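S.K.: For reference, the chains in residue letters:
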Amino acid sequence: EVQLVESGGGLVQPGGSLRLSCAASGFTFSSYWMSWVRQAPGKGLEWVANIKQDGSEKYSVDSVKGRVTMSRDNAKNSLYLQMNSLRAEDTAVYYCARGYWYFDLWGRGTLVTVSS
Amino acid sequence: DIQMTQSPSSLSASVGDRVTITCRASQSISSYLHWYQQKQGKAPNLLIYAPSTLQSGVPSRFRGSGSGTDFTLTIDNLQPEDFATYYCQQSYSIPHTFGGGTKVEIK
Chain A
1 EVQLVESGGG LVQPGGSLRL SCAASGFTFS SYWMSWVRQA PGKGLEWVAN
51 IKQDGSEKYS VDSVKGRVTM SRDNAKNSLY LQMNSLRAED TAVYYCARGY
101 WYFDLWGRGT LVTVSS
Chain B
1 DIQMTQSPSS LSASVGDRVT ITCRASQSIS SYLHWYQQKQ GKAPNLLIYA
51 PSTLQSGVPS RFRGSGSGTD FTLTIDNLQP EDFATYYCQQ SYSIPHTFGG
101 GTKVEIK
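Just so you know, the sequences run in chain order A and B.
Residue 11 in this note's numbering sits at position 11 of the first sequence; the count goes up by one each step and never skips.
Residue 64 in this note's numbering sits at position 64 of the second sequence; the count goes up by one each step and never skips.
Incorrect hints may appear among the rest.
[Unchecked claim] Using 25 Å as the maximum straight-line C-alpha spacing, the simulated SDA-like pairs for lysine to any residue come out as follows:
{"no.": "1", "chain 1": "A", "residue 1": "K43", "chain 2": "B", "residue 2": "G16"}
{"no.": "2", "chain 1": "A", "residue 1": "K43", "chain 2": "B", "residue 2": "S60"}
{"no.": "3", "chain 1": "A", "residue 1": "K43", "chain 2": "B", "residue 2": "T20"}
{"no.": "4", "chain 1": "B", "residue 1": "K103", "chain 2": "A", "residue 2": "T91"}
[As the list claims (entries may be wrong)] Here are some chain B residues pointing at chain A (derived, C-beta under 7 Å):
{"no.": "5", "residue": "H34"}
{"no.": "6", "residue": "S91"}
{"no.": "7", "residue": "G101"}
Rather than coming from a laboratory, the hints here were simulated on the basis of the structure.
This one's a predicted model, so the numbers in the text were calculated from it and none came from an experiment.
Beta carbons are placed, not taken as given, at the ideal position from N, Cα and C, and that holds for glycine.
If we strip away everything but chain A, and leave its shape as in the complex, we get (with noise of 0.2 Å):
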């Protein structure tokens, strides 16, 4: 089955860190850029990150930069997006997505939330 499966979210105090991972199955992972995308409670959606398929470019929203990292590990068909320095604002569901121009696969996500 083609799926993208997002794992490590979780409660963590401001200024702390998140790693999130995404399970790429049933496609050739390595041959897609893939992003990241966030909606916080009950607002919209907006573009965090991407990556391209040998990871040698990325991309960052400003109000990440510095503060995220993101990676992926073609043998193992995974992606990751290392999160420092956590605010409030970042309290979010996060998701998974194949494609750079559009994303025609998503993970079901997985909230983080940023409080003390």
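With chain A's structure known, arrange chain B on it following the hints.
M.R.: What follows is chain B alone, placed relative to chain A:
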């Protein structure tokens, strides 16, 4: 950053209606415009990309059009399963911004 403005933010419609949602970009984005449907508690689902190509498996009652700064998503013969929130997204430049969403509710 390119700002994407959707209108209306919400609408009420009946089964069988035609619904039109517009998305305006703050600058020209050529045809780099895509539409998603999101149902409550679920992940978004790609409907249409670039900006009139129907994603595989999406019913033909969904249509996308436009170029430059103004785009439209049209749903013909609205069905019960179409009640959801719809988002546009541009990929002309980084960051790949989304519109604020349009919630389609049952009248």
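S.K.: Against each hint, give a clear statement of whether it holds in the structure.
M.R.: Hints, verified against the model:
The straight-line distance between the Cα atoms of K43/A and G16/B is roughly 28 Å, outside the 25 Å bound, and the hint therefore fails. For the suggested pair K43/A and S60/B, the alpha carbons sit about 28 Å apart, so the restraint of at most 25 Å is broken. At roughly 22 Å between alpha-carbon atoms, K43/A and T20/B fall within 25 Å of each other, so this suggested pair holds. For the suggested pair K103/B and T91/A, the alpha carbons sit about 22 Å apart, so the restraint of at most 25 Å is met.
A hinted interface residue such as H34/B counts as satisfied when its beta carbon comes closer than 7 Å to some beta carbon of chain A; here the least separation is about 4 Å, so the hint holds. Nearest Cβ of chain A to the Cβ of S91/B: about 4 Å, under the 7 Å cut. The hint holds. Checking G101/B against chain A: minimum C-beta separation of about 5 Å stays under 7 Å; hint holds.
Of the numbered hints stated above, those contradicted by the structure are hints 1, 2, listed in ascending order.
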